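S.K.: One-letter residues, chain by chain:
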Amino acid sequence: MKYLKFLLVGIFFGVVLVKSEAVSWYRIYEMFRFQSFHMYGIIGSAVISGILFLQITKRGYIKSIAGADIFVPKKENGLIRYILGGSIFGLGWALIGACPGPMYILLGTGVISMLIVISAAILGTFIYGVLRDKLPH
Amino acid sequence: MEFILNPWPWYVSGPLIALVMALLLYFGKTFGMSSNLRTMCTIAGAGKASNFFKFKWRDQIWNLILVVGAVIGGFIATHYLSNNSISNLNPETISELQDMGFKNPGATLVPNEMYGWEAITSIEGLVLLIVGGLLVGFGTRYAAGCTSGHAITGLSSLQKPSLIAVIGFFIGGLVMTNFILPLIF
Numbered sequence: 023m024k025y026l027k028f029l030l031v032g033i034f035f036g037v038v039l040v041k042s043e044a045v046s047w048y049r050i051y052e053m054f055r056f057q058s059f060h061m062y063g064i065i066g067s068a069v070i071s072g073i074l075f076l077q078i079t080k081r082g083y084i085k086s087i088a089g090a091d092i093f094v095p096k097k098e099n100g101l102i103r104y105i106l107g108g109s110i111f112g113l114g115w116a117l118i119g120a121c122p123g124p125m126y127i128l129l130g131t132g133v134i135s136m137l138i139v140i141s142a143a144i145l146g147t148f149i150y151g152v153l154r155d156k157l158p159h
Numbered sequence: 102m103e104f105i106l107n108p109w110p111w112y113v114s115g116p117l118i119a120l121v122m123a124l125l126l127y128f129g130k131t132f133g134m135s136s137n138l139r140t141m142c143t144i145a146g147a148g149k150a151s152n153f154f155k156f157k158w159r160d161q162i163w164n165l166i167l168v169v170g171a172v173i174g175g176f177i178a179t180h181y182l183s184n185n186s187i188s189n190l191n192p193e194t195i196s197e198l199q200d201m202g203f204k205n206p207g208a209t210l211v212p213n214e215m216y217g218w219e220a221i222t223s224i225e226g227l228v229l230l231i232v233g234g235l236l237v238g239f240g241t242r243y244a245a246g247c248t249s250g251h252a253i254t255g256l257s258s259l260q261k262p263s264l265i266a267v268i269g270f271f272i273g274g275l276v277m278t279n280f281i282l283p284l285i286f
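Here the protein sequences line up with chains A and B, keeping their order.
Count the first sequence with my numbering and you get residues 23 to 159, in order.
Count the second sequence with my numbering and you get residues 102 to 286, in order.
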């Protein structure tokens, strides 16, 4: 039962990303060609809403379900890993038109060949784990 | 009802994505859709190959359930909440893609030319999807997050590392779309 809420949030997330067309390969292409405001609008309005929510929680008006303060874990400082890793991610994102969330959502919409992409992404994560100590961070 | 069945405008979708982040934070978790890839490596026994995969994966079950939900959400949205309307793409985008050999830009969520049966049974097509998946899986872990972890959660919490990562996403994305894709198609 304690996992039901995550199942429901996942379903909601999947519905929103399909209905917003954020899972559309064409919308990603359009974004990187600067030919539409659509994706910028989605990400921009999500971030602005997110900032508002986190500023409200910071003032203590909203607590978590367990009654604790809501907080976002701090990302480690760094430069190379974010620029280099981010660029590698971006190359893949624009090629297949899907990032880790949409991969699964698209599978649900019936794109069965997405299983190939998901398996490759798991393998890519594994390769990172093995090479991690040799990579600049 | 027509409003739900048509594609949703950005100003409705964006805040709803922020709501997903808010709900997960309310439940004491962090929104990041790429961590499950690491968890699946760990479940498959990758801990033998690298310490990076040695962690208590049972704490991450909620994240795998979220993924299952996302798959179901995709199914529900296409089967019960859509009217098969064609995406309202920029006419310039459409003619560009048609010139590259894409037949019906916007009619489906992903191009048949890449994800259809004919594409994935050809060596080139298969390699394309595998390379794309590898880049996403490798890059997202190297950068310690993806679009949900950095672009949404990280930027919303005003973190500099996430801003750098998002700039990285765009460098890679711009290079792929503007310089490499035209070479492939």
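Everything labelled a hint here was simulated from the structure, so no lab data went into it.
These figures come from a predicted structure and were not determined experimentally.
For glycine and all other residues, C-beta sits at the position ideal for the given N, C-alpha and C.
One should not assume that every hint holds.
Claimed, not checked - Per label pair, the in silico range of CB-to-CB distance:
1) A:86 <-> B:106: 33 to 43 Å
2) B:149 <-> A:73: 41 to 51 Å
3) B:182 <-> A:158: 43 to 53 Å
4) A:74 <-> B:106: 47 to 57 Å
5) B:192 <-> A:141: 42 to 52 Å
6) B:200 <-> A:25: 46 to 56 Å
7) B:201 <-> A:91: 45 to 55 Å
S.K.: To test your reading of the hints: which numbers does this structure violate?
M.R.: 4, 5
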